[in-house]
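**Q** Spelled out, the chains give:
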Amino acid sequence: GAVVSQHPSRVICKSGTSVKIECRSLDFQATTMFWYRQFPKQSLMLMATSNEGSKATYEQGVEKDKFLINHASLTLSTLTVTSAHPEDSSFYICSARAQSNNSPLHFGNGTRLTVT
Amino acid sequence: AQSVTQPDIHITVSEGASLELRCNYSYGATPYLFWYVQSPGQGLQLLLKYFSGDTLVQGIKGFEAEFKRSQSSFNLRKPSVHWSDAAEYFCAVGANYNTDKLIFGTGTRLQVFP
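First to last, the protein sequences are chains A and B. Numbering follows the numbering used here, with no gaps: position 82 of the first sequence is 82. Quick note, the numbering used here runs 116 ahead of the 1-based positions in the second sequence.
Note that these hints are calculated values from the structure, not bench results. Treat the hints with care, since some could be wrong.
[Claimed, not checked] Reference listing, derived: stretches of chain B covered by chain A, where coverage requires no fewer than 3 residues with Cβ under 8 Å from a Cβ of chain A: (1) 173 to 184; (2) 196 to 202.
[What the hints assert, rightly or not] Restricting the straight-line Cα-Cα distance to at most 20 Å, the calculated cross-link-like pairs of lysine to aspartate or glutamate (DMTMM-like) are: (3) A:LYS14 to A:ASP88; (4) A:LYS41 to B:GLU182; (5) A:LYS14 to A:ASP65; (6) A:LYS55 to A:ASP65; (7) A:LYS66 to A:GLU87; (8) A:LYS14 to A:GLU52; (9) A:LYS55 to A:GLU22; (10) B:LYS177 to B:GLU136; (11) B:LYS217 to A:GLU87; (12) B:LYS217 to A:GLU63; (13) B:LYS217 to B:ASP201; (14) B:LYS217 to A:GLU59; (15) B:LYS184 to B:ASP201; (16) A:LYS66 to A:ASP27; (17) A:LYS41 to B:ASP201; (18) B:LYS184 to B:GLU136; (19) A:LYS14 to A:ASP27; (20) A:LYS41 to B:ASP124.
Just so it is clear, the structure is predicted and the values come from calculations on it, not from any experiment. All C-beta atoms, glycine included, are put in the ideal place defined by N, C-alpha and C.
Make the full structure from the sequences, and use the hints.
**A** See the structure below:
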């Protein structure tokens, strides 16, 4: 079946540095990918929609300059957390949808970001 | 506005017992409903979904869910729980099957005792 790979699975960084998270669709082409954020013991909140070849669409309240999204190919979207702060520590999950109609969302295994 | 409520934050059952996880939604039109399972530190796996037709849907791992429009509910059930079912379960609603914006509930953590 379709697989979405996320890398890294865990990352620890110092405050003020930037971290890049990759989301790859392994056996299908994804015109659209989605980035979610999950705080401990809370639900997933959609951060942004990543569209191949165009700018990402951010949800209300999400800082686009802080969470940079790039979807340069049909199989890869990246989320860069810039100038990370401890409050950015969270679990980030991506999902991807294939190009065909009625294709379901496939989720990655997530990235645990800890900012010290 | 769409919303999803999972009233039970944490449920504990014995292995072999039956299970029902509650989900209530708020949506003006016919909703598209999903149940996902998340193991610790993992992504989400789709258990089942409802779009139309038979209101009782079968999913993977022996789970089923029933859509009840009159109660705005989509409860997840399993007749006999296995220890491997221990995980976080999320109910979600979408405007359509291809929705870009799934609205998730806050999740129910299932603990299974031997």
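**Q** Taking the hints in turn, state whether each one holds.
**A** Verification of the hints:
1. 173 to 184: n = 0 at 8 Å, threshold three: violated.
2. 196 to 202: n = 0 at 8 Å, threshold three: violated.
3. A:LYS14 to A:ASP88: holds, 11 Å
4. A:LYS41 to B:GLU182: Violated, at about 26 Å.
5. A:LYS14 to A:ASP65: At roughly 19 Å apart (the allowed maximum being 20 Å), ASP65 of chain A and LYS14 of chain A satisfy the hint.
6. A:LYS55 to A:ASP65: Satisfied, since the Cα-Cα distance of roughly 12 Å is no more than 20 Å.
7. A:LYS66 to A:GLU87: holds, 12 Å
8. A:LYS14 to A:GLU52: violated, 30 Å
9. A:LYS55 to A:GLU22: holds, 17 Å
10. B:LYS177 to B:GLU136: It holds: about 14 Å lies between the C-alpha atoms, which stays within 20 Å.
11. B:LYS217 to A:GLU87: The given pair, whose Cα atoms are some 24 Å apart, is violated under the 20 Å limit.
12. B:LYS217 to A:GLU63: holds, 18 Å
13. B:LYS217 to B:ASP201: violated, 27 Å
14. B:LYS217 to A:GLU59: holds, 10 Å
15. B:LYS184 to B:ASP201: This hinted pair is violated, its Cα atoms lying about 24 Å apart.
16. A:LYS66 to A:ASP27: Outside the cut-off at roughly 30 Å; violated.
17. A:LYS41 to B:ASP201: holds, 18 Å
18. B:LYS184 to B:GLU136: holds, 14 Å
19. A:LYS14 to A:ASP27: At roughly 34 Å apart (the allowed maximum being 20 Å), ASP27 of chain A and LYS14 of chain A break the hint.
20. A:LYS41 to B:ASP124: holds, 13 Å
In this structure, the hints that do not hold are numbers 1, 2, 4, 8, 11, 13, 15, 16, 19, in rising order.
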